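Novice: Here's the letter readout for the chains.
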Amino acid sequence: MSDISWGLWELLLNGVWITVQLTVYSAALGVVVAFGIGIARTHHLRIVRFLSGAYFEIFRGTSALILMFWMFFVLPMGFGWQLIPMWAAVLTLGLTYGAYGSEVVRGAIAAVSPGQREAGIALSFSPTQQLRKIVLPQAWPEMIPPFNNLLIELLKGTALVSILGVPDIAFGAQLVRNATTQSAPVYTIILVMYFVLAFVLTRGMRVVERHAKAGIGQAPPKRAGLTTKLSIGKQSRPIGPVARTAAGPAVDAPAEGDV
Amino acid sequence: MTFDWSAVGDFMPMFWRGVVVTLEVLALGSLMAFALGLVWALAQRSSLKVVRWPVTAVTEFVRNTPLLVQLFFLYYVMPEWGITLTAMVTGVIGLGLHYSTYTAEVYRAGIDGVPAGQWEAATALSLPRSRTWIAVILPQAIRRVVPALGNYVIAMLKDSPMLFAIGVLEMLGEARQFSSETFQTVEPYTVVGIAFILIAYPASLLLRALERRLVR
Numbered sequence: 000m001s002d003i004s005w006g007l008w009e010l011l012l013n014g015v016w017i018t019v020q021l022t023v024y025s026a027a028l029g030v031v032v033a034f035g036i037g038i039a040r041t042h043h044l045r046i047v048r049f050l051s052g053a054y055f056e057i058f059r060g061t062s063a064l065i066l067m068f069w070m071f072f073v074l075p076m077g078f079g080w081q082l083i084p085m086w087a088a089v090l091t092l093g094l095t096y097g098a099y100g101s102e103v104v105r106g107a108i109a110a111v112s113p114g115q116r117e118a119g120i121a122l123s124f125s126p127t128q129q130l131r132k133i134v135l136p137q138a139w140p141e142m143i144p145p146f147n148n149l150l151i152e153l154l155k156g157t158a159l160v161s162i163l164g165v166p167d168i169a170f171g172a173q174l175v176r177n178a179t180t181q182s183a184p185v186y187t188i189i190l191v192m193y194f195v196l197a198f199v200l201t202r203g204m205r206v207v208e209r210h211a212k213a214g215i216g217q218a219p220p221k222r223a224g225l226t227t228k229l230s231i232g233k234q235s236r237p238i239g240p241v242a243r244t245a246a247g248p249a250v251d252a253p254a255e256g257d258v
Numbered sequence: 002m003t004f005d006w007s008a009v010g011d012f013m014p015m016f017w018r019g020v021v022v023t024l025e026v027l028a029l030g031s032l033m034a035f036a037l038g039l040v041w042a043l044a045q046r047s048s049l050k051v052v053r054w055p056v057t058a059v060t061e062f063v064r065n066t067p068l069l070v071q072l073f074f075l076y077y078v079m080p081e082w083g084i085t086l087t088a089m090v091t092g093v094i095g096l097g098l099h100y101s102t103y104t105a106e107v108y109r110a111g112i113d114g115v116p117a118g119q120w121e122a123a124t125a126l127s128l129p130r131s132r133t134w135i136a137v138i139l140p141q142a143i144r145r146v147v148p149a150l151g152n153y154v155i156a157m158l159k160d161s162p163m164l165f166a167i168g169v170l171e172m173l174g175e176a177r178q179f180s181s182e183t184f185q186t187v188e189p190y191t192v193v194g195i196a197f198i199l200i201a202y203p204a205s206l207l208l209r210a211l212e213r214r215l216v217r
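Chains as they are written, first to last, in our numbering: chain A, 0 to 258; chain B, 2 to 217.
If you are wondering where the hints come from, they were derived from the structure by calculation, not from laboratory data. Computed from a predicted model, the values in this text were never measured in an experiment. Certain hints may be false.
Claimed, not checked - Computed footprint of chain B on chain A; a stretch qualifies when at least three of its residues, placed anywhere within it, have a C-beta under 8 Å from a C-beta of chain B: (1) 20–31; (2) 37–44; (3) 176–184.
Claimed, not checked - One-sided excerpt, in silico: chain B residues whose CB lies under 8 Å from chain A: (4) F16; (5) V56; (6) F62; (7) N65; (8) T66; (9) P67; (10) F74; (11) I84; (12) L86; (13) A166; (14) I167; (15) E182; (16) V187; (17) A201.
All C-beta atoms, glycine included, are put in the ideal place defined by N, C-alpha and C.
Construct all of the structure, not just a fragment, from the sequences and the given hints.
Specialist: And the structure:
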């Protein structure tokens, strides 16, 4: 570890900044796409549902890395559009994870009880008003835990840009590896960096969730996060019967629940 | 935009080789993820802190860090420790290990979903612990989680192009090689992108059908 000089550390830290930027911009684009497509998938017009569904299936079906290669190499060659690598990466990640997010949005909207919408109709709210004033405020808190999983996936996805030469953490690590001719220290360091970033994001999302739940008068559920899992004293699980609610399969499995 | 169909034809032999490698990696990686995930899930239910604690810490760490960096770690660091594996084997291990931390959560949810009465019945019949697990709990738990496991197979398929970064010639690797040999970039990447959709979409339809059958 002592082999990594200050200059090389600076390289890694600059990489952290690029990774953070990529995550933030892609997440912003992803949220816009997720809400746009997610709401369009609940639209009453069949054609809107079909088009947004097609978008979802296409971006969900292909691999983010392939799409990134496509953006980097095919767009400039085939169409003459040369994007700045950073923005090509943001576009790819935002569109891909936005597609995953649209499923979260669609699911959360579908989970709002129909009586709520009917109440909106009874009060002669317009469809937009129903969505904005009644449905979304109730659906929003339900979206946050799955959005958190997607955010972590997005953070992990940003490492792909290093293959295409965007100087993020993983790219910096390659340079440091070449300079020090040692792999173990630098890769251990950057794995820890990614883990810390993921941890910070998860904590942040917990705060957002608590706010959102408080907004509609609910307390956030106690979930088995890393800290609760590791605080061993509280949760000594016996092997054997533990009364639990029989949830469906893998409802709380991490990340893309429905890939 | 010019789309040269003859380039697509030229790419085909390499493409099929890439498909075979991708499917091999996927099959082996899935087996590893399914097996290791079950080990993690059972270890996390252990009554021993020395087992539960490290397994939980390691799986959380692996799940929250990028697969690409883990692949680099395995590929570059293991030789420093005296273990030299081919790129393909490294890729399978990386993919399998990464996704085993996801399947572990899937198994955990499946095991938690088995009604407590099943445990009580096993106790009432004084079945030994191993038999309770093998004959009573796991068959019910795994049946419920097959679709969720399948989802992760599709996720693995979509992460398999990352293996090209450590030199495995799967679909993307072949496309890259083809484009550097012939300077045709549009066709190979487009073909590979469409191939992914053509594999992933029917697979996800199949899973939805399976889900309707298995999960009630």
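Novice: Let me make sure I understand: some of the numbered hints might not hold for this structure. Which ones are they, in numerical order?
Specialist: 1, 2, 4, 5, 11, 12, 14, 15
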